[in-house]
Amino acid sequence: DAGVIQSPRHEVTEMGQEVTLRCKPISGHNSLFWYRQTMMRGLELLIYFNNNVPIDDSGMPEDRFSAKMPNASFSTLKIQPSEPRDSAVYFCASSSQVNQPQHFGDGTRLSIL
Amino acid sequence: EDKVVQSPLSLVVHEGDTVTLNCSYEVTNFRSLLWYKQEKKAPTFLFMLTSSGIEKKSGRLSSILDKKELSSILNITATQTGDSAIYLCAGCWNTGNQFYFGTGTSLTVIP
Numbered sequence: 001d002a003g004v005i006q007s008p009r010h011e012v013t014e015m016g017q018e019v020t021l022r023c024k025p026i027s028g029h030n031s032l033f034w035y036r037q038t039m040m041r042g043l044e045l046l047i048y049f050n051n052n053v054p055i056d057d058s059g060m061p062e063d064r065f066s067a068k069m070p071n072a073s074f075s076t077l078k079i080q081p082s083e084p085r086d087s088a089v090y091f092c093a094s095s096s097q098v099n100q101p102q103h104f105g106d107g108t109r110l111s112i113l
Numbered sequence: 001e002d003k004v005v006q007s008p009l010s011l012v013v014h015e016g017d018t019v020t021l022n023c024s025y026e027v028t029n030f031r032s033l034l035w036y037k038q039e040k041k042a043p044t045f046l047f048m049l050t051s052s053g054i055e056k057k058s059g060r061l062s063s064i065l066d067k068k069e070l071s072s073i074l075n076i077t078a079t080q081t082g083d084s085a086i087y088l089c090a091g092c093w094n095t096g097n098q099f100y101f102g103t104g105t106s107l108t109v110i111p
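Protein chains in written order, with the working numbering: chain A, 1 to 113; chain B, 1 to 111.
Same shape as in the complex, but just chain A (with noise of 0.2 Å):
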């Protein structure tokens, strides 16, 4: 059985440039999550969907990042134009409803130079 799907696992980019982070959920999952996670800040969560629809996005730094669910098997995470405070690990987790434990992507560790 498949797990979250995340691509690309590695992503570094120059300053300025538009990043694009994916992820497939597990299917039949209803909730989906984005988390970035640095060693200063631990895991924070940016932004979650229940049923494909964006509940609370207060999580989501400033107006640079923003997050689509088109549909029940794929988000993205765009960030434009990035910065070096950016660089982080993002995760992408999925859960069959939204207070349930949730099943983690392996991540994008993402560089901006």
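It is worth saying that the hints were derived from the structure and are not from the lab. Treat the hints with care, as some may be off.
As the list claims (entries may be wrong) - Footprint (simulated), chain A over chain B, 3 or more residues, beta carbon under 8 Å:
1. 20-34
2. 42-56
3. 99-105
To be verified - Quick list of simulated restraints, FRET-style, between CB atoms:
4. B:Val5 - A:Pro61: 19 to 25 Å
5. B:Asp17 - A:Asp63: 22 to 28 Å
6. A:Gly28 - B:Thr44: 15 to 21 Å
7. A:Gln97 - B:Ser52: 29 to 35 Å
8. B:Thr28 - A:Ile5: 31 to 37 Å
9. B:Ser51 - A:Thr13: 43 to 49 Å
10. B:Thr28 - A:Gly28: 43 to 49 Å
11. A:Gly28 - B:Ser62: 28 to 34 Å
12. A:Thr20 - B:Glu55: 31 to 37 Å
Think of the CB as a built atom: it goes at the ideal place given N, C-alpha and C, for glycine as much as any other residue.
We have chain A; now place chain B onto it with these hints.
Chain B only, in chain A's frame:
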């Protein structure tokens, strides 16, 4: 502000030792508390606790919730090098229906 605090921040033990990791939370409308283990990549789910005083157990790992003390502990007995990881605690509140993670406890088990 709702938050989750874990202690200790890091821990180094020898194989065979027993360890206890702590998680405390300050929250309104508490719903559940979860423990995850993170090795090199993604956090993997260990336990979900909703009721006070009921121990959840999986092999050498166990966890219990104390709603009166607003805390939870994760015990690992007879530790092995494969237990080396960051252990994350997350709380879920009714108001947000989302999970807030602590910064984790880094456990290193030395052979």
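ask   = Of the numbered hints stated previously, which ones are contradicted by the structure, given in increasing order?
value = 5, 7, 10, 12
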